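Chains as they are written, first to last, in our numbering: chain W, 2 to 264; chain B, 98 to 354.
Think of the hints as simulated: they come from the structure by calculation, not from any bench.
Since we're looking at a predicted model, the values are computed, not measured.
Beta carbons: idealized from backbone N, C-alpha and C, even for Gly.
Honestly, I wouldn't trust all of these hints.
What the hints assert, rightly or not - Stretch-level coverage of chain B by chain W, calculated; a stretch enters the list once three of its residues show a Cβ under 8 Å from a Cβ in chain W:
(1) 231-244
(2) 278-287
As the list claims (entries may be wrong) - Straight-line distance between alpha carbons at most 20 Å, and here's what the computed DMTMM-like set of lysine to aspartate or glutamate pairs gives:
(3) W/K175 with B/D99
(4) W/K254 with W/E59
(5) W/K175 with B/D173
(6) W/K175 with W/E59
(7) W/K175 with B/D115
(8) B/K197 with B/D99
(9) B/K344 with B/D322
(10) W/K254 with W/D173
(11) B/K344 with B/D99
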Amino acid sequence: MLRYVADVLKLQIRRSTLYRANLYFSAIAELIPLVGLLLYLGGAFRGVASINGYSDVELTTYYFLGFLLSGWVPTVWYEVGLNIRTGDLNTYLLRPPHYLVHFAVRQLAVSLVYVVIVGSLGILVCLAFPGRVTLPPNPGNLLLSLAAALMAFQLAYQLGCLAHLSAFWLDDLKGILSATYLLQTLLSGQVFPIDFLPSTLASVTKVLPFAYIYWFPARVYLGTTAAQQLQGFAVMGLWIIVTGLALRALWSKGLRVYHARGG
Amino acid sequence: MDRLRWLWSVVCCAVRVDLSFRGSWLLNVVSRLSQFAISVLFFGLIYGERTEIGGVSWHDMMVVLGAFQSVIALSDMLTGGVRDISSKVEDGSLDYDLLKPIGARLVVSVGRVQITRLFEVFTGIVVAATGARSLSSPVDWAAFGLLVCVGAWIKYCLSFMLHCSAFWFIETYGLYGLFDQVFDLARYPMAVFRGLTRILFVYVLPVAIVANTPAVALLGRPFGDLLVLALAHATAWYALGSFLWTKAICRYTGASA
């Protein structure tokens, strides 16, 4: 099993780096919104010390971490839903490793490649905007935010798969996928920190799983109290278990209605 | 006449395709509109209690955002077909477009009209109108409409040129992603672009002017120099795109078909 995983990982890394120019363009594409934001925020902070409790450096660092996380957090490919709809899933069902494990390994390989490229582009951002990206208050925050990022990978993958598994019942996934994408964009803290929302709405959002994909790892890096960290990790862990169980139930129910009619 | 009849059948087909999965279509429309709402919300949260940031008032910002939404949605609605060029070149299905009795460039450009995006165009206009309040005259509105079309045309020309690269290179999806992200910078007011970024996004790549020009027109401010610049870009990029298309078609062998 381990050898299989290692081979899939190696193969996907090779596949992802096959068209290197394409890869660099994709990574630079992630960089552009960050540069636009930094240019805009530079003007927005003129004459004010903070916006919604974030200083210029804190908000810049927040978006910088969001940029790094965008390279790491998986966006589940259309391939999953497509395999179910076209019947190509048959090939994977015959293999000993679980289909979703196989895909998780492939996503991990892509994320590893992206994180290296996005990380190196991140150094360029730090050089272009000197003094606007800060280090965490202590090394412990860095380690904890790394742990949160690892868990965010798992959570985002499971949430993405849950949406794609609807292909067992639906013929067209565009609507449900764009709705999931929208929820994730709005509630994950990718566009703005959750703390920017009115307090009631922010409290509700912090109970939902999406906030733990971007906002929580970035918040841990910037510094939170021990109680907030503990609560955050507990909610995140709970969501990983809940979505994992839901995924397992949906998969077994889906296989029962799967006819491989496209295969 | 043939072209008009063909265009009408393309539009009818697009509506039928869109409405074949009504639930999915509705979710798609709602999520696209919500994405725009998120963008407006982001700027709203940054402005907070402030009325002005860097010389740009909240109302001006809304007009820029509305114009940006209208330009992007209009361009993608009418010329979304350019996104299929690379896959058509890859699998050789471009042959079918070349065999049609109407100009191949027109066929590949408007072959996939997305009527759904009309909602986004209207939403953009509504947001721009909210920002402009009742200060704009009918002439300002006419100029706004015209300049939104010019902006959409510029975006189409640039997008078309970029997708023509598929005739020379394979796997250029990263480049298209990059283009979309660069064009997303058009949502920022002109004041954001200074120094090197101003030269790059105003004079080299007209990203900053596609939404800012109609916004300035709607706000009733002088826009003559921006108009000249926008028209110059529209003409230059169209000419360059036509040149590239001719070269690309000469090179295309349909070997992958």
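Taking the hints in turn, this is what the structure says about them:
no.: 1; hint: 231-244; result: violated (count 0)
no.: 2; hint: 278-287; result: holds (count 5)
no.: 3; hint: W/K175 with B/D99; result: 33 Å, violated
no.: 4; hint: W/K254 with W/E59; result: 45 Å, violated
no.: 5; hint: W/K175 with B/D173; result: 17 Å, holds
no.: 6; hint: W/K175 with W/E59; result: 36 Å, violated
no.: 7; hint: W/K175 with B/D115; result: 11 Å, holds
no.: 8; hint: B/K197 with B/D99; result: 12 Å, holds
no.: 9; hint: B/K344 with B/D322; result: 33 Å, violated
no.: 10; hint: W/K254 with W/D173; result: 19 Å, holds
no.: 11; hint: B/K344 with B/D99; result: 27 Å, violated
Checked against the numbered hints given earlier, the structure breaks hints 1, 3, 4, 6, 9 and 11 and satisfies all the rest.
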